[in-house]
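There are 2 protein chains.
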Amino acid sequence: MHKSTPPSRRRGRGAGRPGGDEPDLREALLDAAIARFVKVGIGAASLRSIATGAGVTPAMLHYYFGDKDRLVQAMIEERLLPALGQMEARLQSAGNDPAKLIEGFVRGIGDVISSHPWLPPLWVREVLCEGGALRAVMREQVAPRVPAVLAQRLAAAQAAGRMPADLDPRLLVMSLVGLTLFPAAGAPVWQKMFDVQTLQPDVMIAHALTLLSRGVQLDLGGRT
Amino acid sequence: MHKSTPPSRRRGRGAGRPGGDEPDLREALLDAAIARFVKVGIGAASLRSIATGAGVTPAMLHYYFGDKDRLVQAMIEERLLPALGQMEARLQSAGNDPAKLIEGFVRGIGDVISSHPWLPPLWVREVLCEGGALRAVMREQVAPRVPAVLAQRLAAAQAAGRMPADLDPRLLVMSLVGLTLFPAAGAPVWQKMFDVQTLQPDVMIAHALTLLSRGVQLDLGGRT
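Listed in order, the protein sequences are those of chains A and B.
For the first sequence, the working numbering gives the first residue as 1, with consecutive numbering after it.
For the second sequence, the working numbering gives the first residue as 1001, with consecutive numbering after it.
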């Protein structure tokens, strides 16, 4: 495998990936970058530590991605946004039926987590944490495409009398995330806390749907 | 205000707080430490940066708390665990009634968040994040006193036929956190996403109770 040509001569999409290169290596480098981002945070992850994690030289990483900003951008465009695309397709196929929208969102997040196990911890570190490096991406690229669309459709269903009137659709979307992405992110903590080996994703998804569907069927004095 | 006596001569509980000192300053220094822990993380917060945030010299901080480990320990013992005590008292007074337990937990977290607004972001950074500095405290000191107790009591209520049989009490406790502490931690993100000025804590608590009580009243195909 050859060593890098200076990345300054390679710009834009597809930079550093001439036809003769191994696409598998590029993907493996992205995997290594994501693993490092999850472990120490995007801000603290050095190109050198990512290269070490991938078993390549920093020059090789540089050759494929250029600088760190472009590596982060590649992760967003090639890994994060495609996952979002899966969710968008789910919402699309659910139309305006509130039950299908909610079930589709919950199962969709479950599928995305299964195929992108790095996503919940990265979301905690880079979106939920103050100063997270992906907050702007979340606000500008993710929010308008999925959570905002879901909230709008649920509001329309509510206006049509197809959903309880006392649940704010925006807070409901927040709750859906709190019942799916949050438990997945917290699974390592919960597993130790409750001394269980694994919290199977499908068990968590089924639980979320059961709870969302009917609640605990107790009068909890929620109305203020 | 005097400058520090070497902290090496002051050890154990109450170290660096002789009778003649100002207790308010000690509390203000703890506030500054917590603000810094929330902002950059416990691991990355230097005594110097905390002192700067409090407008005192590092020597003064050193005089009150000794080294950073002892400062973190003071934060845990004097701020974190008392908040936990509030939650324990709530559970105690709820007895074995599942509705009172769930409502007490949700409202209790709401109260704790109102009086300890630093708690949700600190929990995200130091418990939810991989490698968080408070994971051990969570597992050893928090979990047995509140989440585990709540899960046990809900399991007993379920066994007595007072709660739906198809909701795992442990997953229900996780869901309660996902509907309370998580939205509070994510509020800055949600506020920008949905373009609302504030997500009032009492509105979020009422929403959580309404959702928990009856769900969205739609068939979501939760049972696998």
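These are calculated hints, taken from the structure and not from any lab test.
Some hints here could point you the wrong way.
Beta-carbon label-pair distances, calculated as ranges [claimed, not checked]: (1) B:Arg1026 / A:Asp69: 42 to 50 Å; (2) A:Leu25 / B:Ala1035: 55 to 63 Å; (3) A:Arg145 / B:Asp1031: 34 to 42 Å; (4) A:Asp97 / B:Thr1052: 51 to 59 Å.
BS3-like, lysine-lysine: derived pairs with alpha carbons at most 25 Å apart [unchecked claim]: (5) A:Lys192 / A:Lys68; (6) A:Lys68 / A:Lys100; (7) B:Lys1100 / A:Lys39; (8) A:Lys39 / B:Lys1039; (9) B:Lys1100 / B:Lys1068; (10) B:Lys1039 / A:Lys68; (11) B:Lys1039 / B:Lys1192.
Since the model is a prediction, treat every value here as computed from it, not as a measurement.
Each residue gets a CB set at the ideal place from its N, CA and C atoms; glycine is no exception.
Going down the list of hints, with the structure as the test:
no., hint, in the structure
1, B:Arg1026 / A:Asp69: 42 to 50 Å, "43 Å, holds"
2, A:Leu25 / B:Ala1035: 55 to 63 Å, "44 Å, violated"
3, A:Arg145 / B:Asp1031: 34 to 42 Å, "39 Å, holds"
4, A:Asp97 / B:Thr1052: 51 to 59 Å, "55 Å, holds"
5, A:Lys192 / A:Lys68, "35 Å, violated"
6, A:Lys68 / A:Lys100, "40 Å, violated"
7, B:Lys1100 / A:Lys39, "39 Å, violated"
8, A:Lys39 / B:Lys1039, "18 Å, holds"
9, B:Lys1100 / B:Lys1068, "40 Å, violated"
10, B:Lys1039 / A:Lys68, "23 Å, holds"
11, B:Lys1039 / B:Lys1192, "19 Å, holds"
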